[in-house]
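Knowing the structure of chain A, use the given hints to seat chain B on it.
Note that the protein sequences, when read in sequence, are chains A and B. Its first residue numbered 870, the first sequence is counted upward by one per residue in my numbering. Its first residue numbered 870, the second sequence is counted upward by one per residue in my numbering.
Hints were generated in silico from the structure; no laboratory data involved. A couple of the hints might just be wrong.
Same chains, same names: a pair is fine if it fits in one copy or spans any two.
No farther apart than 30 Å at their CA atoms in a straight line, the calculated lysine-lysine pairs in the DSS-like style are these [what the hints assert, rightly or not]:
(1) K1087 / K932
(2) K1201 / K889
(3) K923 / K1003
(4) K1003 / K920
(5) K920 / K1020
(6) K1188 / K923
(7) K912 / K1003
(8) K1210 / K912
(9) K1196 / K920
(10) K1171 / K932
(11) K932 / K989
(12) K1210 / K1115
(13) K920 / K1191
(14) K1196 / K1178
(15) K1139 / K1210
What follows is each chain in one-letter form.
Protein chains: 2
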Amino acid sequence: MKQKKNVTFNDIANYTHFSKTTISRYFNNPDSLTLENQEIIAKALVDLDYKENKVARILANGKTEFIGVIIPNLFLHYYSEMLNQILSTYESFGYKFLVFIGNGQEETERRYIQELLAYKIEGLIILSHTIPSKELSELGIPIVTIEREDKYVCSVNTDNYMGGYQATGLLAEHNCEVIIHINYINSPANPDVPAYGRVQGFLDFCTEHQIKHELILKEMGNTYESIRHHLSDILDEITGKYPNLKKGLFISNDTQANVLVNLLIRKYGKLPEDFLLVGFDNSPISEEAVIPISTVGQQIDKLSYEAVKLLVEQMNERKKRKPMLLKEPIHKVITPVLLRKETTEKELGTGFF
Amino acid sequence: MKQKKNVTFNDIANYTHFSKTTISRYFNNPDSLTLENQEIIAKALVDLDYKENKVARILANGKTEFIGVIIPNLFLHYYSEMLNQILSTYESFGYKFLVFIGNGQEETERRYIQELLAYKIEGLIILSHTIPSKELSELGIPIVTIEREDKYVCSVNTDNYMGGYQATGLLAEHNCEVIIHINYINSPANPDVPAYGRVQGFLDFCTEHQIKHELILKEMGNTYESIRHHLSDILDEITGKYPNLKKGLFISNDTQANVLVNLLIRKYGKLPEDFLLVGFDNSPISEEAVIPISTVGQQIDKLSYEAVKLLVEQMNERKKRKPMLLKEPIHKVITPVLLRKETTEKELGTGFF
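Bound-form chain A, shown alone:
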């Protein structure tokens, strides 16, 4: 593996007969050159096999083009798909991403943020839930959060209220006589968390339409075993309490909705007529389940794109001679999409059951 001699601005200037200043302008402010001259230089770079050294360029203009990302985990499809979409915005905005997985460890995440700041990231996207937005707002760089507490920072969130309202509406449309919302948050006491909107949407729909309903809030742990155990108890309870009613279950994520579908199928060999289910997230499991599960999909592509766009706007503002910093954080909201599948639309079945 031979090491090639680096091609310098001098070499490019000699080759093209432009001045070194013109070559420098090509890299730092190409629009100041005519299109024709840009093309001459671009061709010279290919001829000379020029290798750009962006690290050197950063030192010259102070722009790293790095965005930091702190994400709780990649185990849940919701987060891995979000990261996928964030990374793919490189094609639109040209920013590179330095990614850290927080795993819910507050102190570790603080350490990661310091490391990111040492690399002169221009902005930060936060999906993890640990560090309060007040503290984030004091870091002194542009920040956008997605689906977490966001009082003091800019954010992009799903319209969870509308999602809860739509899911409940779908169950009502199918004439469910009691609608039950099962949510893993352990308390409705923190309306700062965007996902709480799902509970409120459910409650409002049922109240407005005078539908019999029940809200079940239960922390279920992180293993399938413990989720299965809790949901099995909840299913027994519901079955015993509403034996003769058509039951609509709105479950706050597809993973848990799938566990309920499995419990029902294993007990009855098919989905009983008096059970309808709707999940949330449009995870792959909603399609891979033995009976595909109706769900409320978050538009992860739009959430990611809007988050990066909002961040880039702020980063660009700071590069102006007289930046106008935001007086108040901006909060954007993305509409969810209701997906009707077999757990509510039995006619979509393939006829096997």
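Using the frame of chain A, we list chain B on its own:
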């Protein structure tokens, strides 16, 4: 958000009464100072609220501490978990990762690699399948691939042969009278791809133990719809061909194994006695399936750790005054783990079926 004035080496020197050279040595070669002096400077950094600028440090010593990663997608759990584990090696090795998603686009991946080289990455981890290892080997930086064609570069792979052998052995142990391997690769003609080892392990076990067997190779597309369609046809074919035999199915990934389980359950209301199944990957779906699926697990944590370790060793070698470059690429192999679940061990069932 007030902008703080940056603390310089001069400020630290004045505060501690050390020379600027000593301060510089603290950052670039701390071991050359006594522990006592290191502590004095460390304390000064806190007192002065010093913010490290690693970009400036890179220019001084040429080490970016960046590793580039090209991964095909984050949709498959196998890849998102691999990325999770790669990123978490930061705690062991201190390297930061610049990640690009290739989506199977060869030209795009070449462009990403150029961008990574412009950022002076010290090494590259490649999980995508597009660019031949010959071309990768000519990039002139240390490279490690995971589970792809790797003739000319270092790699870490699962022992796929053993995985195929173990899966087939489990079905034989349960007295299956015919063992069928269903694999999505469209041809066994490319033994350079590590996953081909699964086919060979299956064939060798059956031949050695004189077991009736069939190999079904079929490209099934990327949508659930098309996978479901193909597997439904295959299931009809198998059922018709071996009506009175106990059938063992070894399927090359858990996603497809789950589709087969769903087809069987939807047809018979339970898993028929004459069907046993083993998947591959230990994906979450193998646990979330209506009947948990026996599977061969790849040790993704070990694959990732060994890949980064092998890369770091080469990167460190290059920092020596007289580096010894590898004459031949190193190929490491990680043992897979067989996980017995309900699709082979019916006694593990919860009694519902």
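Consistency of the hints with the structure:
{"no.": "1", "hint": "K1087 / K932", "in the structure": "neither (47 Å within a copy, 49 Å between copies)"}
{"no.": "2", "hint": "K1201 / K889", "in the structure": "neither (45 Å within a copy, 48 Å between copies)"}
{"no.": "3", "hint": "K923 / K1003", "in the structure": "between (34 Å within a copy, 26 Å between copies)"}
{"no.": "4", "hint": "K1003 / K920", "in the structure": "between (43 Å within a copy, 21 Å between copies)"}
{"no.": "5", "hint": "K920 / K1020", "in the structure": "between (44 Å within a copy, 27 Å between copies)"}
{"no.": "6", "hint": "K1188 / K923", "in the structure": "both (18 Å within a copy, 21 Å between copies)"}
{"no.": "7", "hint": "K912 / K1003", "in the structure": "between (50 Å within a copy, 27 Å between copies)"}
{"no.": "8", "hint": "K1210 / K912", "in the structure": "neither (54 Å within a copy, 61 Å between copies)"}
{"no.": "9", "hint": "K1196 / K920", "in the structure": "between (42 Å within a copy, 26 Å between copies)"}
{"no.": "10", "hint": "K1171 / K932", "in the structure": "within (26 Å within a copy, 36 Å between copies)"}
{"no.": "11", "hint": "K932 / K989", "in the structure": "both (8 Å within a copy, 16 Å between copies)"}
{"no.": "12", "hint": "K1210 / K1115", "in the structure": "within (18 Å within a copy, 34 Å between copies)"}
{"no.": "13", "hint": "K920 / K1191", "in the structure": "between (34 Å within a copy, 24 Å between copies)"}
{"no.": "14", "hint": "K1196 / K1178", "in the structure": "within (18 Å within a copy, 47 Å between copies)"}
{"no.": "15", "hint": "K1139 / K1210", "in the structure": "both (15 Å within a copy, 22 Å between copies)"}
When each numbered hint is compared with the structure, violations occur for hints 1, 2 and 8.
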